[in-house]
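Q: Sequence:
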Amino acid sequence: MAGDVWTRRHLAYGGAAMCKSLLHNIFLLYHVEVFLQVWRIDGPSFWLCEAMFLVYNCLNDFVAGALSDSAQLEGIAASIPTSTHTDQRVSFQTIQKRLRAVSHGGPLFCGAFLLFWFPWTEHVALQFAVALIAYDGLLSYMDVNHSALLVDLAPTEAERARYVQANAIFSAIGSASVFVSFVLWDPEAIGQFQLMCVVMAALCAVGFVLCGRELREQCMHIKKMDAGEDVNERPSKAMSPLRMVRIWGIFLGQMLANRNFMLFSGLHLVQVFHCHFNSNFFPLMLSRLLGGHISRSLQGTCKLLGLVISDLVDEDYILRRRAHPLSALIFGAAALFAKPGQTIAPLLGTTALDRIGAAGIQQGVFYLLVLVPLCCGAVQLLCWAAFSLRGDALHAVQHKVLSRSRPKSMDM
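Heads up, the sequence shown is in the working numbering, so the first residue is 1 and it goes up one at a time.
Hints were generated in silico from the structure; no laboratory data involved.
Don't take every hint at face value.
What the hints assert, rightly or not - What follows is a set of in silico ranges between Cβ atoms, one per label pair, in the way DEER data are often shown:
| no. | residue 1 | residue 2 | range |
| --- | --- | --- | --- |
| 1 | A158 | R355 | 18 to 28 angstroms |
| 2 | V209 | E188 | 30 to 40 angstroms |
| 3 | V206 | V370 | 38 to 48 angstroms |
Every value quoted in this text rests on a predicted model; they were computed, and no experiment measured them.
Note that the Cβ used here is the ideal one computed from N, Cα and C, for glycine as well.
When you get a sec, could you build the whole thing from the sequences and use the hints?
A: Pasting the structure below:
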């Protein structure tokens with residue numbers, strides 16, 4: 001592969017990201033608003049569901065990553081250094097498992113997305129809890145595996161940058177659903193909004209299937225290489241739940257000892273909090289502060305830090321001398337520490353607005369709009385200043401990764 005040319009593989013990878021973005025941006029903006037303003041969930045039930053979701057939301061990404069990287073779990077428990085000539089590639093079976101999460105899990109994720117927008121039980125709190133669990137569980141299953149493919153398919157920084165570029169551009173295109181939703185959203189009559197959600201979910205379900213199929217066809221050369229060579233990945237064995245939890249604990253202990261990973265986790269946590277705080281409350285606060293003088297379409301978009309996490313995968317691969325990079329596990333572990341921000345944001349926002357009260361709403365909202373970005377930005381700058389996996393240190397890690405890998409070309 002030469003230059004910055006995108007292949008069909010990049011387009012398929014970005015296309016899956018676009019399908020996720022089309023739906024997830026709608027979820028971020030409206031799932032709280034629809035249950036508070038349309039389905040009229042009561043305050044205690046809302047808090048209870050969000051508290052339960054906080055625990056579930058933190059764990060499911062890590063569990064999804066552990067299941068995806070199950071073939072490497074025994075290596076974590078053994079803690080045996082590998083040969084310096086170990087192939088960095090994971091097997092086609094592992095990549096195929098990740099691709100199934102996109103092509104099969106994606107349509108299920110689209111179905112779970114619809115659970116928020118139609119009343120299917122008289123118990124609103126039950127609907128809120130089930131919808132949150134189903135949606136976020138399938139999102140994690142699909143998204144962790146999709147993110148792990150960034151490391152599996154792109155061994156070099158330049159190649160990863162092309163995947164990240166495709167992912168970012170297609171995700172930005174997917175955010176167009178936000179502008180359509182602004183036109184159709186009306187809490188007093190949500191019929192048109194519901195129709196939009198059904199159409200988008202159907203289109204995205206087809207998109208996930210097509211993108212997963214295309215990625216699998218583009219990765220068949222890895223299967224041919226596996227047939228001719230020993231990829232040095234042992235098949236996963238069934239293990240007891242107790243042993244599995246022990247292995248997860250060993251891995252998390254290794255991550256906690258990684259200074260760069262913990263600094264990034266702090267930065268990522270603040271980013272997720274700020275992203276969801278803006279998504280849930282920024283339009284509402286602007287309408288309270290400025291009335292009809294500003295359009296809700298000024299809402300910003302939140303960026304993911306997949307390229308930095310892929311660098312952390314490389315660093316862990318070198319420092320721990322893994323047989324293979326644990327891409328899904330580390331993406332899941334990063335979400336484990338960052339996801340609390342997704343639940344803390346609506347809880348903190350609703351608490352702050354309740355305490356402000358109607359009398360001082362304009363002044364209170366102004367302080368929130370100013371202080372929250374300032375505090376989040378200051379914490380992120382401090383974390384990034386202490387983060388050392390960049391510059392020469394990053395180049396050294398990448399050189400070691402390439403020296404441990406066999407000179408296989410991923411070009412199509």
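Q: Next step is simple, just say for each hint if it's right about the structure.
A: So, going through the hints one by one against the coordinates:
no. : hint                            : result
1   : A158 x R355: 18 to 28 angstroms : 50 angstroms, violated
2   : V209 x E188: 30 to 40 angstroms : 36 angstroms, holds
3   : V206 x V370: 38 to 48 angstroms : 44 angstroms, holds
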